[in-house]
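Trainee: Below are the chains, spelled out letter by letter.
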Amino acid sequence: MQLIIDSLPLLWRGLIVTFQLASLTLLFTAFISLFVGIASVSRFWTLRALAVIYVEFFRDIPLVVNLLFVYFGAPLVGLALDPFSAALVSFTSWGSANGAEIIRGGFNALAKHQRESAQALGLRSWETMFLVLLPQIVLPILPAFTGLFSLLIQATSLATLVGATEFLRSAKIIVERQTMMTGESPAFMVFGFVLCVYFVICYSLNLFTAWLERRIVTARTVHRHAPQEIASTHETQVNPENT
Amino acid sequence: MSYEFSFPYIWGATPDLFQGLWMTLLVSLVSIAISVVLGTVCACLRLFKVPVLSQIATAYVHFMRSTPLLVQLYFIFYGLASLGLGLGGFWSGVLALSLWGGAYNTENVRGGLAAVPKGLQEAALSLGLRPALYLRLVALPIGLRVCIPAMLNTSVSVLKNSSYLQAIGVAELTFVAMNRVAMDFRTLEMFLAIGLIYLTIVLLLSAAVRRLEAVLQAPFRTA
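Chain order of the listed sequences is G and U. Under full-length UniProt numbering, the residues of the first sequence are numbered 1 to 243, in order. Under full-length UniProt numbering, the residues of the second sequence are numbered 1 to 223, in order.
Treat the hints as calculated values from the structure; they're not laboratory data. Note that CB positions come from ideal geometry on N, CA and C, so glycine has one too. Incorrect hints may have been included.
Unchecked claim - Okay, the calculated bits of chain G under chain U, using three or more residues with CB under 8 Å as the criterion:
#, segment
1, 55-62
2, 65-73
3, 158-164
So that you can see chain G by itself, here it is in the shape it has in the complex:
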C-alpha cells in the first residue's frame, strides 16, 4: 500500500497521458467517422463500398496487430512515429471504423421521408445532409459516442505494448523497479489498483452513457410519439467487445 501511495505522482502522470491519448483519439475519431459515416450512406456505390472496406478492415484486424503494424511499419515509409503518435494513429483508425458504424446506424434510424421530403423541397444533396439529416442524428448517437470514449480509454492501455508511458505502463515500471530493488514483486497490489482505477473511470462513463440513453429516449417519446424510432436507436450502439 505504501508503495502505491509513494508512486502516486508517477501513476498520476500516466493517467494524464492516458486521458490525453483517449481524448485526442476521440477528437480525430469524430472527424473521420463523420466522413466515413456520410460516405456509407452516399448515393454513389463506390463511396459506399470504400466505407464498407474501411470499416470492415479496421474492425476485423485485431487492434494489437494494428498498433504493432503502425509502430513498426511506419519507419519503412520514412515516418518514425514515437509511441504516442503511433498509438494515436492506430486507435483513431480503429475508433473511426466503429464511429462510422454508429453514424451509419444513426442515419438508418431516421425516418426515410426526411431525406425524401428534403429532396422534394428541392434542397441540394449537401443541404439535405448538413441542414436536415445530420442535425437530427447528433442527439441519438451521443450515448453511443460516450460509450466509444469508454472503450477508447480501455484501448489506450494497449499503448503500453509499444512503450508509451500511459497509466498501465507507469504501473508496470513501478512493479519492475520494485521487483529489482526488493526481489519481491508487488504485481498483485499494483495491477489490482490499476484495475480498480480503470473500473471507476469506465464504469462511471458507462453509467453516464446509460443515463444519457434513457434521457434521450424519454425526450423523444414525449416530443414525437414515435415508438418505432425509439426501438431503432438501439442499433446505433457500438458493439463494445470489438477490439
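The hints should help you fit chain U onto chain G, whose structure is shown.
Mentor: Then chain U, alone, in the frame of chain G:
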C-alpha cells in the same frame, strides 16, 4: 535505404506461422468453450435471481466490461505469480480470455433467455417443473437458439483478442510474427501475412454467423 518486398520470405515463414496459428486457435477454442459455459451459468443465476450469486454475476459482468483486457491479463499473469500462484502464459491467457468472454456471453444468454415468452415459464412452473428442468427442457433450447449468433460474435472477438497474449509471451500468431520481425526486420511481409490470416478467419466466421442467423430464424419466420 530501400525496402524490397519479398514473397519468398513469407513462404519460408509459413511453418512458423502455422505453428502460431495453431496456438491462436487452441487458446481461442479452449477459452470460447469455457466462456460459453460460464456465460450460460451466470445468465441462469441472474434469470432466477439466486440470492448473492446473481449479484456476484452482475458485478462480474460490469467489472469485466469496464476494465481493459490487457490489465486483466497482467493482473492474472504477473499478479497471481507474485502471490506464488503462477499459472504460466498459456493458462493465464485462457483464464483472462474466458473470464472476459464469459462476461459478454452472460449478457448474450441473458438476452436469449429474455426472448423466451414469460407465459412459457409460468406454464412450465405451474405444471410442476422444477426450475432446473424448466431451464433444460424449455428455456435453454429456445434461448440459446436466439443468442447463438451473438455468442459467435463474442467468440470471434475472443479469437481476435487472443493476440493480446503476445504481451505475456504466448507463442501465438502475433507473437510469432513479431519475433520474426525482431530477427529479420521483414515487417511488411509478416504483417501482411498475419493481417490476411486474421482477416480471412474473421470474415469467414462472420459470414458463417450471418448464414446461421438466417437458418436459425427460419422457424420464426411467418410465411
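Trainee: The structure should be examined with respect to each hint, and the outcome stated for every one.
Mentor: We went through each hint and held it up to the structure:
Only residues whose C-beta sits within less than 8 Å of a C-beta in chain U count toward coverage, and the segment 55-62 of chain G has 5 of them, enough to reach three; the restraint holds. Beta-carbon proximity to chain U at under 8 Å applies to 5 residues in the segment 65-73 of chain G; the threshold of 3 is reached and the given coverage holds. Only when three residues or more bring their CB closer than 8 Å to a CB of chain U does the claim for the segment 158-164 of chain G stand; here the count is 3, and the claim holds.
Comparing the model with each earlier hint shows no violations; every hint is respected.
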